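Produce the complete structure using the sequences and hints provided.
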Amino acid sequence: MSKAILQAPLLLIALLCNRQPALALAHGAWQNIPAGPPDAILGIAQAFRECTDEKKVNVCVGAYRDAQGQPWVLPVVRKAEELMLKSSTENKEYLPIEGDAAFTAKALEFAYGSDLDLNRVAGAQSLSGTGACRIGGSFLANFYGGNKQIFIPTPTWGNHWKIFAECGLDAKPYRYYDRKTNNLDLDGMLQDIKEAPDNSIILLHACAHNPTGCDPSLEQWKEIAKLMQAKGHVAFFDSAYQGFASGDSEQDASAMRLFVDQQNIPVMLAQSFAKNFGLYGERCGTISVICDDSSQREKVLSQLKCIIRPMYSSPPKHGSSIVKTVLNDADLTAQYYQECSYMASRIQDMRTKLVSAFEEVGSTHDWSHVSNQIGMFAFTGMSSEMCDILTDEYSIYLTKDGRISIAGLNDDNLMYVAKAIHAVTDGKSITGGEN
Numbered sequence: 033m034s035k036a037i038l039q040a041p042l043l044l045i046a047l048l049c050n051r052q053p054a055l056a057l058a059h060g061a062w063q064n065i066p067a068g069p070p071d072a073i074l075g076i077a078q079a080f081r082e083c084t085d086e087k088k089v090n091v092c093v094g095a096y097r098d099a100q101g102q103p104w105v106l107p108v109v110r111k112a113e114e115l116m117l118k119s120s121t122e123n124k125e126y127l128p129i130e131g132d133a134a135f136t137a138k139a140l141e142f143a144y145g146s147d148l149d150l151n152r153v154a155g156a157q158s159l160s161g162t163g164a165c166r167i168g169g170s171f172l173a174n175f176y177g178g179n180k181q182i183f184i185p186t187p188t189w190g191n192h193w194k195i196f197a198e199c200g201l202d203a204k205p206y207r208y209y210d211r212k213t214n215n216l217d218l219d220g221m222l223q224d225i226k227e228a229p230d231n232s233i234i235l236l237h238a239c240a241h242n243p244t245g246c247d248p249s250l251e252q253w254k255e256i257a258k259l260m261q262a263k264g265h266v267a268f269f270d271s272a273y274q275g276f277a278s279g280d281s282e283q284d285a286s287a288m289r290l291f292v293d294q295q296n297i298p299v300m301l302a303q304s305f306a307k308n309f310g311l312y313g314e315r316c317g318t319i320s321v322i323c324d325d326s327s328q329r330e331k332v333l334s335q336l337k338c339i340i341r342p343m344y345s346s347p348p349k350h351g352s353s354i355v356k357t358v359l360n361d362a363d364l365t366a367q368y369y370q371e372c373s374y375m376a377s378r379i380q381d382m383r384t385k386l387v388s389a390f391e392e393v394g395s396t397h398d399w400s401h402v403s404n405q406i407g408m409f410a411f412t413g414m415s416s417e418m419c420d421i422l423t424d425e426y427s428i429y430l431t432k433d434g435r436i437s438i439a440g441l442n443d444d445n446l447m448y449v450a451k452a453i454h455a456v457t458d459g460k461s462i463t464g465g466e467n
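Heads up, the sequence shown stops at 467 in this note's numbering, and the numbers go up one at a time, no gaps.
Since the hints were derived computationally from the structure, they do not count as laboratory data. Given the structure is predicted, the values throughout are model-derived calculations rather than measurements. In this text, a Cβ means the ideal position worked out from N, Cα and C, and glycines have one as well. No incorrect hints appear here.
Distance ranges between label pairs, derived from CB positions:
hint: 1; residue 1: 324; residue 2: 259; range: 16 to 24 Å
hint: 2; residue 1: 283; residue 2: 63; range: 54 to 62 Å
hint: 3; residue 1: 365; residue 2: 121; range: 18 to 26 Å
hint: 4; residue 1: 215; residue 2: 145; range: 26 to 34 Å
Cut-off 25 Å, straight-line C-alpha distance, at most; resulting in silico cross-link-like pairs (DSS-like, lysine-lysine):
hint: 5; residue 1: 138; residue 2: 349
hint: 6; residue 1: 432; residue 2: 194
hint: 7; residue 1: 385; residue 2: 432
hint: 8; residue 1: 263; residue 2: 204
hint: 9; residue 1: 349; residue 2: 111
hint: 10; residue 1: 124; residue 2: 337
hint: 11; residue 1: 111; residue 2: 138
hint: 12; residue 1: 118; residue 2: 349
hint: 13; residue 1: 451; residue 2: 385
hint: 14; residue 1: 194; residue 2: 337
hint: 15; residue 1: 138; residue 2: 337
hint: 16; residue 1: 432; residue 2: 87
Below, the structure written as structure tokens:
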């Protein structure tokens, strides 16, 4: 006799007694929960997938695409996976709470350089840069003895605000980008850092600022570091694009290493390998804190582990094993540098072609700010209304702040995008928008 037949009399009795089955009662526990707002970026990506327009273009999500508009797995990543598959020592065991120590050592050397004594660096593997920011924020909220306000550049990656608020830090803005000039607001930035209470936390993008693509020069970084040292601020770097910005990982790390070399500036780093290794779905990164000595390092690392353990216990293994395999092999490392440089070069080529296309379609705007920006994104200066028109009338999907992912452009869609942007910006200002 089937289970459904056996249960039928019980359901009938419940109905006759004017009572709901227990299963139905359970559903009422969630009836007053409102729908959460869609993520600003991932929601746009979902809308793009649902769009049926053959001309649709996705310049929203910050992920590299090849010249055919497709995701690209680096050949060196494939090669590393082949080696891992053949290795008799590879397995699927749990990693320790702090992750794979061999991976973390190579990742930190990649970030800080080979000259830094890693015995001074408390480093743990993280769930990419997002997880690193969350662990670092929780560490600061729990243990930092200074001002627990974290000052965040405006604009910034939207998730920064949510992450640090969830950690219990008091997030405040500082000026970074001037929409009136489509350039770095260095004076405003320095003034806000100066006026922040002593011993505050300053969030800094290590390179290829998201969303503006506008970075301080090395001389400007020196000025920022000097001020932060005088104020006793903590420098919390978010490094999502090392090597991917200029094509040179050493150059892209120069600002952060400048702060480390100052020695009197407390430095923390949230590091991601999503963009520069193309490991978006592997959630691979590190969180690190520069310490005074090895004894302090052990104490800090122990507290990072205490934060990680109840959060997700231990990190995934596959992505970190790929990075470790590549960076432990001289030939694979050299191949990686070439492929990373190729990605950066293709994006720069598309950036140059886009500005030329604007001129070709008749735009009279000064788009030099797009030419001067670096990394995956271009911060165009378009208003939210212009962005809505691009999406509604041209099926071009982008964030409402006017940021476009240059990686989403290719020779097939470039002119279509340029004509559409010209159509919505012609005769209208692309400067002076809201900050």
